[in-house]
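Residue numbers (my numbering), protein chains in the order written: chain E, 1 to 457; chain C, 458 to 724.
I should point out that these hints are in silico values taken from the structure, not numbers from a laboratory. Ideal Cβ positions, reconstructed from N, Cα and C, are used throughout, including at glycine. A portion of the hints provided could be inaccurate.
Stated by the list, open to error - Now the stretches of chain C that chain E is said to cover, found in silico as 3 or more residues with beta-carbon under 8 Å:
#1 519-525
#2 574-585
Unchecked claim - Pairs of lysine-lysine, DSS-like flavour, derived with a Cα cap of 25 Å:
#3 C:Lys-679 x C:Lys-641
#4 C:Lys-580 x E:Lys-253
#5 E:Lys-156 x E:Lys-132
#6 E:Lys-100 x E:Lys-132
#7 E:Lys-253 x C:Lys-541
#8 C:Lys-641 x C:Lys-580
#9 E:Lys-256 x C:Lys-580
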Amino acid sequence: MGIADARAMYPSLPVVDADPEADLRFLETVADWCDRYTPLVGLDAPDGLLLDVTGCAHLFGGEAALLRDLVARLVQQGLRARAAVADTVGAAWAVARYGKAGIVPRGETGASILSLPIAALRVDTETVAGLKTAGLTCIADLTERPRAPFAARFGKTLLLRLDQALGQADEPIMPRMPVPAAMAEQRFPEPIAREADVIGTVEHLGHQLVPVLERRGEGGRLFQIALFRADGAVHRLEIGTGSPLRDPARIGKLFKERLAVLGDVCDPGFGYDMVRLSALVTERMDPAQTGLAGPDHAEELAHLIDRLGARFGLIRVTRPVPQDTHIPEFAVLNVPAHAPRPASAALPPVAQDTLSTVRPLRLLVRPEPVDAVAQVPDGPPVRFSWRQVMHQVARAEGPERIAMEWWRDDRGKKLTRDYFRVESDVGARMWVYREGLYDREIERPEVLRWYLHGLFA
Amino acid sequence: MDHAAAQPTLNQLRQTLAGIDPSHAPRLAGVERLVDIAAPVDAVLGGGLACGALHEFAPSAPVHLAATSGFATALAARASGDRKQILWILTDYAAGEGGGPYGPGLDLFGMALERLLILRVAKPVDVLWAMEEALRCRAVACVIAELTSDGSAADLTATRRLALAAREGVSAQISGFGLLVRHKATVMPSAASTRWEIAAAPSRPDVYGGLGRVRFDLSLHKNRRGPSGRWIIEWDHHERAFQQAVPVAVASPAFNRPDRAPWVRAG
Numbered sequence: 001m002g003i004a005d006a007r008a009m010y011p012s013l014p015v016v017d018a019d020p021e022a023d024l025r026f027l028e029t030v031a032d033w034c035d036r037y038t039p040l041v042g043l044d045a046p047d048g049l050l051l052d053v054t055g056c057a058h059l060f061g062g063e064a065a066l067l068r069d070l071v072a073r074l075v076q077q078g079l080r081a082r083a084a085v086a087d088t089v090g091a092a093w094a095v096a097r098y099g100k101a102g103i104v105p106r107g108e109t110g111a112s113i114l115s116l117p118i119a120a121l122r123v124d125t126e127t128v129a130g131l132k133t134a135g136l137t138c139i140a141d142l143t144e145r146p147r148a149p150f151a152a153r154f155g156k157t158l159l160l161r162l163d164q165a166l167g168q169a170d171e172p173i174m175p176r177m178p179v180p181a182a183m184a185e186q187r188f189p190e191p192i193a194r195e196a197d198v199i200g201t202v203e204h205l206g207h208q209l210v211p212v213l214e215r216r217g218e219g220g221r222l223f224q225i226a227l228f229r230a231d232g233a234v235h236r237l238e239i240g241t242g243s244p245l246r247d248p249a250r251i252g253k254l255f256k257e258r259l260a261v262l263g264d265v266c267d268p269g270f271g272y273d274m275v276r277l278s279a280l281v282t283e284r285m286d287p288a289q290t291g292l293a294g295p296d297h298a299e300e301l302a303h304l305i306d307r308l309g310a311r312f313g314l315i316r317v318t319r320p321v322p323q324d325t326h327i328p329e330f331a332v333l334n335v336p337a338h339a340p341r342p343a344s345a346a347l348p349p350v351a352q353d354t355l356s357t358v359r360p361l362r363l364l365v366r367p368e369p370v371d372a373v374a375q376v377p378d379g380p381p382v383r384f385s386w387r388q389v390m391h392q393v394a395r396a397e398g399p400e401r402i403a404m405e406w407w408r409d410d411r412g413k414k415l416t417r418d419y420f421r422v423e424s425d426v427g428a429r430m431w432v433y434r435e436g437l438y439d440r441e442i443e444r445p446e447v448l449r450w451y452l453h454g455l456f457a
Numbered sequence: 458m459d460h461a462a463a464q465p466t467l468n469q470l471r472q473t474l475a476g477i478d479p480s481h482a483p484r485l486a487g488v489e490r491l492v493d494i495a496a497p498v499d500a501v502l503g504g505g506l507a508c509g510a511l512h513e514f515a516p517s518a519p520v521h522l523a524a525t526s527g528f529a530t531a532l533a534a535r536a537s538g539d540r541k542q543i544l545w546i547l548t549d550y551a552a553g554e555g556g557g558p559y560g561p562g563l564d565l566f567g568m569a570l571e572r573l574l575i576l577r578v579a580k581p582v583d584v585l586w587a588m589e590e591a592l593r594c595r596a597v598a599c600v601i602a603e604l605t606s607d608g609s610a611a612d613l614t615a616t617r618r619l620a621l622a623a624r625e626g627v628s629a630q631i632s633g634f635g636l637l638v639r640h641k642a643t644v645m646p647s648a649a650s651t652r653w654e655i656a657a658a659p660s661r662p663d664v665y666g667g668l669g670r671v672r673f674d675l676s677l678h679k680n681r682r683g684p685s686g687r688w689i690i691e692w693d694h695h696e697r698a699f700q701q702a703v704p705v706a707v708a709s710p711a712f713n714r715p716d717r718a719p720w721v722r723a724g
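Just chain E, with the same shape it has in the complex (with noise of 0.2 Å):
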């Protein structure tokens, strides 16, 4: 029925335009919730989902406590849901979508489906349409004929997802998220807000979660937690450590400082009444003996990025490592403190013939342009000025001719410098360089631009 026809027979219809984005993200945030039911949730777009509950079922006392369970909660939050246990992904999207929702009981997947249309086999409207003139409607239909000539006529996929249905072609289900090497939960009858209790949650968490690993030979390096909002919203938040972590007290603390740094990112509102912690990457971690002779500080050490890390992310700490080219910007890469160290990490000998340092204490983000006056074109600035303040320079080392790597793509783009260390009247000591040699790379004098490149002590 068109929308005029509609609004002939009730004027008041209220129409509203149909957003699949936002169904597939409401999709998404059900998908989050159901996360409390198994971690293997798979989307079934534009409106189901699909939970792999092996093993899990027993969790909530059986399969028809969890399926009542499920859809309760979600009839609670206003939903209409169908949910179907099955054998298989097909007979369950079956007979949740076309028959008696509810469980199909073991080794009668066969006989609950075969009198279903055979819309429920997840075939596409023209097949359907097709079988139809031929006078088939029901699944059984199927079954009883010959499968050639309906490869022949419709394809693979038809009989692909007849199978699957019956269980003779195997049908993973994706799971959206990375399944955990291993975690631990807990459920509360009464939600918990504050966040003390999260955090003592979660070192309570990580004491069952420990031995887990323990018994692996394993630590984690990438940890989440989810909370489970009383209202369906789940927050997830993850820390990496730069080694193998298995210390509850630590894993805790880690988590209070995520948790202190994202502030109003999780609302807990009502509370929350279920925490998950997940290891969802582990390492290999070999028990160490700890010294008698002191405390370890390269624990310790490590311990103190991992919370820096937590805090500002573990990108930001960074340790400086010497990179092989010679041009200033580029000798040194910061690289995350935790990832390990590289092992050629040493400095190119610098030749050193001044009683000065020979590279600056700091470097500008970018090099800055200033206004230099020379006495003569290769010559060293007699003065020049650096954000408005004007700097007379008292005495200059100099030039270190520093040419752009030939060997690249932009070959003859970039022009060489030529660096001078300068002190200035008062003592400040800079790092400025003009660009281009003049007769070669540039032709006029008066076009010669000097940048201030850095700071020394």
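Since the structure of chain E is already known, use the hints to place chain C on it.
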């Protein structure tokens, strides 16, 4: 009351004060770790800058920011004698304003690159939080934290927290050595043990007329343990040691020496 008679009263008052605030406790010789500078400065400081305390540095003019961070770097280089780490904390804004710490330069200056950790944060409060955490950590010898402009986030309360954290971080080796570098001098009260204003001083040129060793003009404005003062000292980055500076321009170099041009040194 004459001087000798006042001494017992003074001692008693000091003990009462130490009961209220442990940071005023009289020091025990040999127990405390000190980072020494140069003889005349150490005399005023009682042997050197104390570990387990906060020290504040500010440039006397914006142009001396690099010298200020250079002095802090030199102190950190002296502090991290054993295999301990140095953490340098600064905001993104500070790095944009005065440039970020540059590895090769720091390495040449005496701070070994493999001991340096750099933390870049977004806000000044984060600098203070991270500094407090790091000061408590015994694996970190020295924490350098930079605050842009006058660093109004580091008020009396905040610096007090840092000073206490530094005290907690004290261990048998050097640790809990907090250096707060403000980009601009401030008159705000602070709980730091010492407050310095740093400027670069013109160096004594080498025999070829090139740049000499880096010189710092130190003004000690606040010192909990003694008088303030002003000195000019030199940093020898090969020896990683401070030296008293020989005064500049006692005899100015001869004007016309035809044997070389003033700028001949390359590289």
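Each hint tested on the structure:
1. 519-525: Coverage by chain E holds for the segment 519-525 of chain C (6 residues, Cβ < 8 Å).
2. 574-585: Check passed, 7 qualifying residues.
3. C:Lys-679 x C:Lys-641: It holds: about 16 Å lies between the C-alpha atoms, which stays within 25 Å.
4. C:Lys-580 x E:Lys-253: Roughly 22 Å separates the two Cα atoms, so the pair holds.
5. E:Lys-156 x E:Lys-132: holds (18 Å)
6. E:Lys-100 x E:Lys-132: Between E:Lys-100 and E:Lys-132 the Cα gap is close to 23 Å, so the pair holds against 25 Å.
7. E:Lys-253 x C:Lys-541: Holds, because 24 Å separates the two Cα atoms, which is no more than 25 Å.
8. C:Lys-641 x C:Lys-580: This hinted pair holds, its Cα atoms lying about 17 Å apart.
9. E:Lys-256 x C:Lys-580: holds (19 Å)
The structure fails none of the hints (numbered hints given earlier).
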